[in-house]
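Protein chains in written order, with the working numbering: chain S, 213 to 368; chain F, 213 to 368; chain V, 5 to 453; chain W, 5 to 453.
It should be emphasised that the hints constitute simulated quantities derived from the structure, not laboratory data. Where a beta carbon is used, it is the ideal one built from N, C-alpha and C, also for glycine.
Listed next, the in silico BS3-like pairs over lysine-lysine satisfying Cα-Cα at most 25 Å (straight line): (1) F:K329 to V:K8; (2) F:K329 to V:K7; (3) V:K129 to V:K205; (4) W:K330 to W:K261; (5) V:K436 to W:K7; (6) V:K330 to V:K268; (7) S:K329 to W:K8; (8) W:K330 to V:K330; (9) W:K265 to W:K330; (10) W:K265 to W:K122; (11) W:K7 to S:K329.
Here's a subset of chain V near chain W, in silico, CB distances under 10 Å, partners left out: (12) M306; (13) D311; (14) Q397.
With the Cβ distance kept under 8 Å, some of the chain V side facing chain W (calculated, not the full set): (15) Q26; (16) E27; (17) N335; (18) T373; (19) A404.
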Amino acid sequence: MNGERHKDIQELVDILTEQNLTEIEVERAGVRIRVRRDASPPSRSSRLPASPVDSGTNHPPEGPVESVVEDSSGLFTVTSPIVGTFYRSASPDADPFVEEGDVVSRGQVLCIVEAMKFMNEIEAETDGRIVQALVENGSTVEYGQPLFVVDPHPVT
Amino acid sequence: MNGERHKDIQELVDILTEQNLTEIEVERAGVRIRVRRDASPPSRSSRLPASPVDSGTNHPPEGPVESVVEDSSGLFTVTSPIVGTFYRSASPDADPFVEEGDVVSRGQVLCIVEAMKFMNEIEAETDGRIVQALVENGSTVEYGQPLFVVDPHPVT
Amino acid sequence: MFKKILVANRGEIALRVVRACQEMGIRTVAVYSEADARSLHVRYADEHVCIGPADGALSYRNIPGVLSAAEVTGADAIHPGYGFLAENAHFAEVCESIGITFIGPASDHIALLGDKSKAREIMLKQGIPVLPGSDGEIRHLDHAIAVAEKLGYPVIVKASAGGGGRGMRVVGLEADLGKAILAAQVEARTMFDHDGVYIEKYVLDPRHVEIQVLADERGHAIHLGERDCSIQRRHQKLVEESPSPAVDHSLRLEMGKVALKVVKTVNYRNAGTVEFLVDHNRNFYFMEVNPRIQVEHPVTEMVTGVDLIKEQIRVAAGLPLRFRQKDVRLNGHSIQCRINAECSETFAPSPGMVTRFHVPGGPGIRVDTALEATGHVHHQYDSLIAKLIAHGQDRDEAIARALRALDELAIEGVKTTIPLHRLILRDPDFQKGRVSTGFLDRFLASRME
Amino acid sequence: MFKKILVANRGEIALRVVRACQEMGIRTVAVYSEADARSLHVRYADEHVCIGPADGALSYRNIPGVLSAAEVTGADAIHPGYGFLAENAHFAEVCESIGITFIGPASDHIALLGDKSKAREIMLKQGIPVLPGSDGEIRHLDHAIAVAEKLGYPVIVKASAGGGGRGMRVVGLEADLGKAILAAQVEARTMFDHDGVYIEKYVLDPRHVEIQVLADERGHAIHLGERDCSIQRRHQKLVEESPSPAVDHSLRLEMGKVALKVVKTVNYRNAGTVEFLVDHNRNFYFMEVNPRIQVEHPVTEMVTGVDLIKEQIRVAAGLPLRFRQKDVRLNGHSIQCRINAECSETFAPSPGMVTRFHVPGGPGIRVDTALEATGHVHHQYDSLIAKLIAHGQDRDEAIARALRALDELAIEGVKTTIPLHRLILRDPDFQKGRVSTGFLDRFLASRME
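Full structure from sequences and hints, please.
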């Protein structure tokens, strides 16, 4: 799907959501788009926290996440299993465990999440290549927060 | 999707909302737009009056009504302009002003609605034939309540 | 006690009366216009009768329509709420004549108190403190000039039949007096069909403080403390509270005594409000009596625990008041925000379809509204769509709760005064209780800068 | 005072705490499970941290998760609400050890009061009236038989670590005693990891009456009158009220005195509830102390005007109580209905999507809920979805208002106990205040006929 089409759909979805509809269908020049939703999701409050969290924990809560999530593109997301502080290296002077582009193997340590003085090593659950590191060193992460995007089938 | 289209859909959504519809489909110059909403219309309170009104005024409130309404079949409905007691004849012994099937002419008295001891004569606002008398003699009628169905173009 | 009460109103006050009746075990009849067919007051009532089209003049103010509805449903009393027919002496008189109880004062009281100039004269004679002013209505310009000179400028020209800020003009200079009288007369003639005006000394920046009274048919009367309604825009109240930050125990005793004297002077019965202006030196002056339940009655209910609508009904049914003055205790503090469907900056009405409505809850919060998650705000009627009432152990807690609840209150689809209420309640002067009838104009002006 | 409080709970009680903090100007941190990402307590809090999946054991009961969230957000206190970690002595101890204030009693009080058998012994020694029973835990069956014979049947076997009706067996005959003890032990071992049981005389058809206490760090303690929670099904309270129809002024004084003696005996602090059984002859017996805020706390708030959550926070911050026993006045009467997402006939849980939600308003009505017009009732959590609290000048008015509000309260999409509440509140025995812990079973049985 190209970006253009995606934008179209996003617009339809927005309308769907805003108007609390269940279905929109648009057909044009041989292209038919139908957007349907069977049960409207609970809408967000207009009263989201006025000021973002100082500690950086404030990425808006989305739907459920798994510890490792495969998206439609075939990429995996490594998420944090605990609340804590995210470190990309074992100590301030050390090199990061992994960099973007690195090929990693299952069980390899990707980062540390410190919680209650415990250093929790987060390991790769699959072989693959680090496509993207999503969190800054020293940031706070919540349960389920995406940390890395991993391509399990890198073109070598 | 262009702004034009967005506006189109918004319009449809407005119509949907105002008219309390569930689905609209529009096809024009190769463009077909369908908007649907499953949500039931603002439902009545679960606490509708437990017992119907003794005085018979309790037909459920529906949308606005006009004093004379033309429906899709081409028939007119004569509605009550006031709250009161409906009488089909001038006195208990007299014949009804009109019967079903009668041909009436504009200005002819169809019935009386008594309110605060005043006898209000309800006249036909158009020539036609009485298709149906909707209210029992002696019943209470509200403002806007249908009294007679009139066919303004009877096949003679 | 009444068997069946017809509620001759709509919106939150109609719902308020229906609720009181339900709690008392009295059947209710809602009357409604075609625009309100699906309104809560209609659905919650035991019976309902459509009495006219959306235009209030043809439905809620339609006396034959309301009375026919009472007749066909067999209602033995009518509660008029506020607005519409509530202060219509003729309506009350017709009710009396056909044996349906009008839940409110007698028709002659409504007529008497509706003539502000005359009411003022009567109170003056009884030694009730009133503002110095003209002795009755102004007869001609020279008379006005003489009166104003004696009072000292500024003075205020008021229509005898006026109310709600209509037919009033403040005059600072003799040169403007004639024009002001003419303008007030024109306005009064147009709106009230009576162009008599009188003149009073104009008090700079007073507080609007009113005493709630209740009187039964046997002449027993009590007062339920005061409400401070100084937060007004063009004489439209926006925020009300009880007790008043400016009234202490001794002033309350004094004002209460005067209010009861006013009640006794006219032999008033049922619920009523005696309005006073209070100046910076704690002097207070009788302004008028509102012979009806008021929009701001809930703040009094919150601090006294007394259900004013139920008391109105009980008294109208001939029952004696259930308590004496010494039984009335004020607990804590209460603040009401009138949520209007208006732009909070321009005050332009904002009718339309409500797309989301979430009411706050939790301790100390009461919401009186006829709105629902999906509902219409009709352009034909008053823009008041909800009353948010907060109660706390003290004024600070009441304000904190009101602010917390204002943040939770979500109304989408129409513009509302919620943003303005948030700003007012956070204003340092408001928080210190330093308010007067000039507060809101200055507040709005300072925000425009 | 605390700068930032983490609320270690969900649903209405989390919202309740967030609201109290907002009114006090304290920042809040909500923790939440993935299932609650869009919940009101999350959206109303200043900050929010996801701490685990929907399963409460992995999120709301997840001690490292909660504490990490407190650490990363810099919260200086944690309010546990009720349930989840509220009575977890280990959690309170860890909080104490890392310098985060646990808003509740000290961990050793939680541990002590969690051992019902031991608590009973301590109170007995202090002359607090307790039901006659075994001297500590049962050692073997012969011991049990001897105790029961001395007490006279029926007796009740209770798990020392029990609570909420779990680990209890009523025994009418000696032949059933062994089986009952075994069953209580198995249940207690499974649920509380401790299988000690003790035996008490079983009181037929008593009332459940509890006294709300508040104690500050300096040892100053007061009580806030009683709550009658006799309307229960399987020890789950369904309707609560204050004051109790069975408690008059002199009995209240007496029970209050004993409750404060309990507080003093263990040097208890913060908010707590001392539970008593009251028999038909107005004898009352200490049962246990609930060392937390309770679901039914609002009825006490409604009659005393005291915000119990705020007082918990103030006391936990080391502030002294703001009032003395003589400042506590009970105004009117309050009744709470626990609205559960359950079938009102079978009591089967009814999770699902809420499609319509309309809360009642008007005078004397308070609703504590985290539900919205569109929201989910999750099967993983407690079925309590809303608390409808009514207040009136007297019990009759409170009942009338509760009934009126139950009629207005509309929840569609899930089944609720609303129909059952309507029936209970209309029951002639309930209306006369003639209730006991056996009321609901008899009521339900009579409806099955």
